[in-house]
Amino acid sequence: MNNSAQSNLFLASRWRRLLATGIDAVLVPAITIFLVMVFDVVEQAEDFTDQWWALHVLVLAIGTYLLLNGYTLWQSGQTLGKKILGIAIVTQQQKPDGEYALLPAPFWKLIAIRALFFPLLFVGIVPFLVWVPILILISIVGKQRRCLHDYASGTVVVKLN
Amino acid sequence: MVGHNPKRTGVATQRAIAQLSRYWLLVMCFASGAVLAECKNTPADTDLTTFYSNSWGIDHHNTRYQPVSTVNAGNAANLELKWVYGLSNETPRSFPLVTKDTIFLGDSNHGLVALERETGCERWVFEHKGLISSAIIPGTIRRGDAKEQPILIFTDRFAGIYAVDAITGNLVWHITVEDHLIPQYSGTPLVTDDTVFVPVSSMEVTLAANPFYGCCTSSGGMAAFDINTGEKKWYLPTIKEEAKITGSHFLGFVDEWGPSGAPVWGSPSYDSKRNRLFFGTGQNYSHPTTDTSDAIFAVDATSGEVQWVRQFTENDAFTAACAMSLNHPNCAKPTGPDVDFGAPTVIARALNGTDVLLAGQKSGDVHAMNPDTGEVLWSKKLGRGGIIGGVHFGLAVNETIGTVFVPINDRAAMNYPSPGTPAPGLYALDIESGEQQWHFSRESRCDDEECMYGLSSAITATNDIVITASMDGYLEVMSADDGKLLWSHDTWRTYDSVNGKDVEGGSIDSQGPMVADDLVMVSSGYRWISNQRGGNAFLVFQVVTPDE
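Each protein sequence line maps, in turn, to chains A and B.
Okay, so the first sequence: first residue is 1 according to the working numbering, each after it adds one.
Okay, so the second sequence: first residue is 1 according to the working numbering, each after it adds one.
Take these hints with a grain of salt, some might be off.
Claimed, not checked - One-sided and incomplete, this derived list gives chain B residues near chain A with beta-carbon spacing under 7 Å:
#1 Y213
#2 T217
#3 V254
Read the hints as simulated data drawn from the structure, not as lab findings.
For every residue, glycine included, the Cβ atom is placed at its ideal position computed from N, Cα and C.
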């Protein structure tokens with residue numbers, strides 16, 4: 001099977017991918033904000049006497065991401081959104097005979113490379129940075145339906161059923 | 001016969017242009033190198049025998065009147081650009097301090113720079129990576145029998161107050177106001193013989209834009225420090241009551257607090273005869289409101305005891321949250337008009353010899369008070385007002401003709417409603433009666449938002465002229481007698497600078513122009529609110545006599 005044919009068979013549809021990202025993009029910040037409120041991270045004047053509040057928010061955001069997605073990424077290469085939509089992240093590796101094989105994505109790549117693009121999707125709320133999420137997502141229109149984070153981590157997203 | 005080949009001619013032309021470009025680049029490199037080389041041997045020593053100002057307001061009364069100047073209605077038309085210094089930021093907020101041979105200037109993200117007055121070359125730099133938000137103020141440290149040490153004082157908007165040795169440029173002390181959790185040092189300190197008075201506002205006005213912030217607990221204030229040691233003498237909060245929980249939002253997760261606010265944004269004025277400080281306050285940040293917001297304070301300079309407080313606008317509660325949305329959970333309801341006294345108070349002598357305390361408000365009003373009692377002598381509404389004025393940064397007076405000059409901005413900003421018809425321009429009023437003597441109105445250069453032509457920045461007076469600077473980048477000189485425009489310079493352009501930086505002018509705001517001897521100087525560029533045009537030009541003009 002050539003690469004193109006393989007893509008047509010297994011690749012997750014674009015709308016499923018975008019919807020899954022949308023679910024993650026709502027859940028992670030929503031729970032982070034909830035925790036920020038529960039732990040009073042940015043509620044009092046004392047919190048702003050230094051810059052540690054920013055680190056606290058970052059730690060809570062990372063913790064929330066891992067809490068929601070860590071186990072499923074480890075087990076099946078899925079964030080919560082992707083699990084709900086029945087799609088998963090896999091690596092695309094070329095075998096010696098030239099064929100492509102789809103293998104489970106290494107957990108470290110998902111966390112250390114792929115997940116770093118997730119917060120960048122949110123910088124688009126700043127008007128002059130709206131191009132950043134567009135740049136990350138635009139290549140999903142290609143045949144392989146890979147976004148920038150897929151190219152960076154050598155992954156594709158496939159449907160499971 | 002060689003035929004004409006247009007293609008070949010085109011290539012030759014391109015090559016010639018490329019060659020010329022390289023030569024031009026080379027020439028420019030040499031030229032800029034030469035400019036920088038000219039500054040190479042600039043001596044670090046400064047003549048500190050004469051300072052042309054001792055405060056933000058040029059004098060302790062905040063008159064913004066320069067008595068040592070030769071610029072007047074007769075020669076203002078001969079002002080010509082002398083040199084340009086390229087600043088390191090696009091929102092300069094510093095006001096220069098001038099001596100016989102040096103101009104000291106705060107350059108945010110670069111430091112306190114000592115520039116040779118004749119050339120603009122750097123004598124020395126006290127490097128400082130922060131937002132220098134004040135005028136540069138001279139002071140003297142006297143420690144026992146030791147030799148007096150001349151110092152320069154400035155504030156970093158968030159980091160506190162700094163004293164730097166005026167000769168060497170070395171740090172002497174750095175102090176912060178410990179009585180306030182999150183102070184903002186927006187106003188310029190005022191220095192008397194042995195005391196540094198520091199106006200204190202609060203970061204909460206903008207922190208409230210975060211809906212998860214429990215707005216608001218802080219009060220504005222005035223602090224007094226010993227100039228020699230940096231030790232606190234007294235601190236006066238403008239709201240005495242401790243803030244208490246008044247409600248909550250987001251299902252009770254975020255508490256709401258009050259009273260709060262009444263920040264002191266501007267430099268105080270000092271009356272040595274009465275030993276009093278006068279200063280204005282801003283609005284409350286949350287409910288309940290207090291009777292000390294949008295008010296004028298008279299305070300004993302030695303003890304910090306309040307002598308009287310005169311409030312001009314009640315129930316004004318507002319934060320940056322309201323500029324985002326009136327439904328923002330941290331926008332106080334009912335929402336006030338946000339009409340601070342951002343401009344410093346002025347102690348002026350009327351022609352009949354009486355002292356009058358003047359205060360310009362963001363509402364577009366100017367008030368005159370008896371400095372002994374706070375009794376209101378007259379009030380005059382000149383503009384519709386708004387969240388960046390009305391009167392925004394400062395007035396000027398010329399006591400010899402008994403006139404106060406009032407710059408009106410009247411610009412809408414940050415989508416906050418500004419009802420009424422704007423009336424930007426310069427107004428001249430009689431100090432004693434408040435009667436209007438003349439009014440100067442400017443035309444807009446275009447319909448874009450950045451072309452708003454109001455006068456937000458402070459102004460300066462000298463001899464028989466007033467010097468103004470506009471939001472759309474014009475530096476202008478007017479006759480103090482009738483408001484006739486005598487000279488104008490459009491700073492919306494690029495400049496060659498003495499320090500080799502690319503320099504552009506922009507909106508002129510904040511501290512406004514300074515004048516000393518035959519020089520007029522101003523920082524152009526202010527990208528702070530809404531769509532004002534940023535810039536990084538510090539411009540120095542000089543009166544050139546016709547035969548020069």
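Each hint, compared with the structure:
1. Y213: Nearest chain A Cβ about 6 Å off; hint holds.
2. T217: Since chain A brings a Cβ to about 6 Å from T217/B, closer than 7 Å, the hint holds.
3. V254: 6 Å, holds
Consistency note: the structure conflicts with none of the earlier hints.
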